[in-house]
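A.B. asks: For the sequence shown, the UniProt record's numbering gives the first residue as 1, with consecutive numbering after it.
Derived from the structure by calculation, the hints contain no laboratory data. Be a bit skeptical, because a hint or two may be false.
Each pair of labels, with its calculated beta carbon distance range [as the list claims (entries may be wrong)]: (1) LYS273 <-> GLU194: 26 to 34 Å; (2) GLU228 <-> ALA141: 43 to 51 Å; (3) PRO170 <-> PRO52: 33 to 41 Å; (4) ARG143 <-> ARG190: 42 to 50 Å; (5) GLU164 <-> VAL55: 43 to 51 Å; (6) ASP124 <-> LYS273: 41 to 49 Å.
A virtual CB, placed ideally from N, CA and C, is assigned to each residue, including glycine.
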Amino acid sequence: MVGSGAAMQRLRLQVRRIGPYFRTVLIGGEPGCGKELAARALHCASPGAAGPFVVCHSATLGDQAIEGAEAGYRIAELMKMAARGTLFFDGIDEMPLEAQGRLLRVLRRHEWAQDGLAAPAKLDLRMAASASQDLRVLVSAGRFRQELYHRMATLTIALPPLRERAEDIPELASHFLARFARMYSKGVERISTEAMKMLESHFWPGNVREMESVMRNAVLLSEGPVLEAQALPEFAEASIESLTAARLGGSERLDDVVEQHVLHVLKSCAGNKLRAAEVLGISRSTLYRMLEGHAEPAEIS
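Generate the whole structure from the sequences, applying the supplied hints.
C.D. replies: Put into structure tokens, the structure is as follows:
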């Protein structure tokens, strides 16, 4: 977890304190904040660090190929794979209600039946789950089981959005610069002052994942040892113009500024949602959720 600011120091302290003891933990935060990375850090700080870290993409439990009892079998198989380690439910807020029920039954018993055995075996694993949406709101709306929420949220960690730890932006940008320069054998060694100012002024609605995408593209576009502002044309234009438009329109609300930026990026991508999601560093489903209730620019083929 990159960053030396106060927010990241608090997060590392939480991981050190919770890691050795957790059985279930809920990690909340906006899309792109690094929830899986936090879960891996907890795993490494736990007594099961030598065991496997298994990821379950919760939304896939609603696939037509994995329905009804199949979801239960899939969860049991994942638990078997994660024995003596950690099972991470990525995006548990996207888990279908029926799959939630299957998981809840396992948590109630805290045991699972091994293949071919009549007697159940005690669970020997830890569970972590991430959520981008407020599960309490989903519970009120009937989209998430209240008992499952209380069982998973025995311990909670909230990851701050990147805009709330802006002091970490230079360190993160340099980290991604070095990573992608090595990956693509590019001779880029540092970021120009102007380019860094653009990075620091950006609102980052897609958080660290968006920065990763931006820096990957910028490194690929760069020539020479310095990453210049010209490597960030689409990104810089969207950042400055959308933020300015929101403020000139009299809106200082956080949600309004984010929405204006997302709409501006979508417009700059000619209405192409896949491309806009890539620029923002978020999934298409997250983008669709952010666009609900907004008139969208028509996609240009």
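A.B. asks: With reference to the structure, classify each hint as holding or not holding.
C.D. replies: Hint check:
The hinted range of 26 to 34 Å is satisfied by LYS273 and GLU194, whose Cβ atoms lie roughly 30 Å apart. Separation of GLU228 from ALA141 is about 47 Å and conforms to the stated range, judged on CB atoms against 43 to 51 Å. In this structure, PRO170 and PRO52 meet the distance hint of 33 to 41 Å, their C-beta atoms being roughly 35 Å apart. For ARG143 and ARG190, the hinted distance range of 42 to 50 Å is satisfied, since their beta carbons lie about 47 Å from each other.
For the pair GLU164 and VAL55, the supplied restraint of 43 to 51 Å is violated, since their beta-carbon distance comes to about 26 Å. Under the hint 41 to 49 Å, the C-beta atoms of ASP124 and LYS273, about 43 Å apart, fit the expected range.
In the structure shown, a violation is registered for the earlier hint numbered 5 alone.
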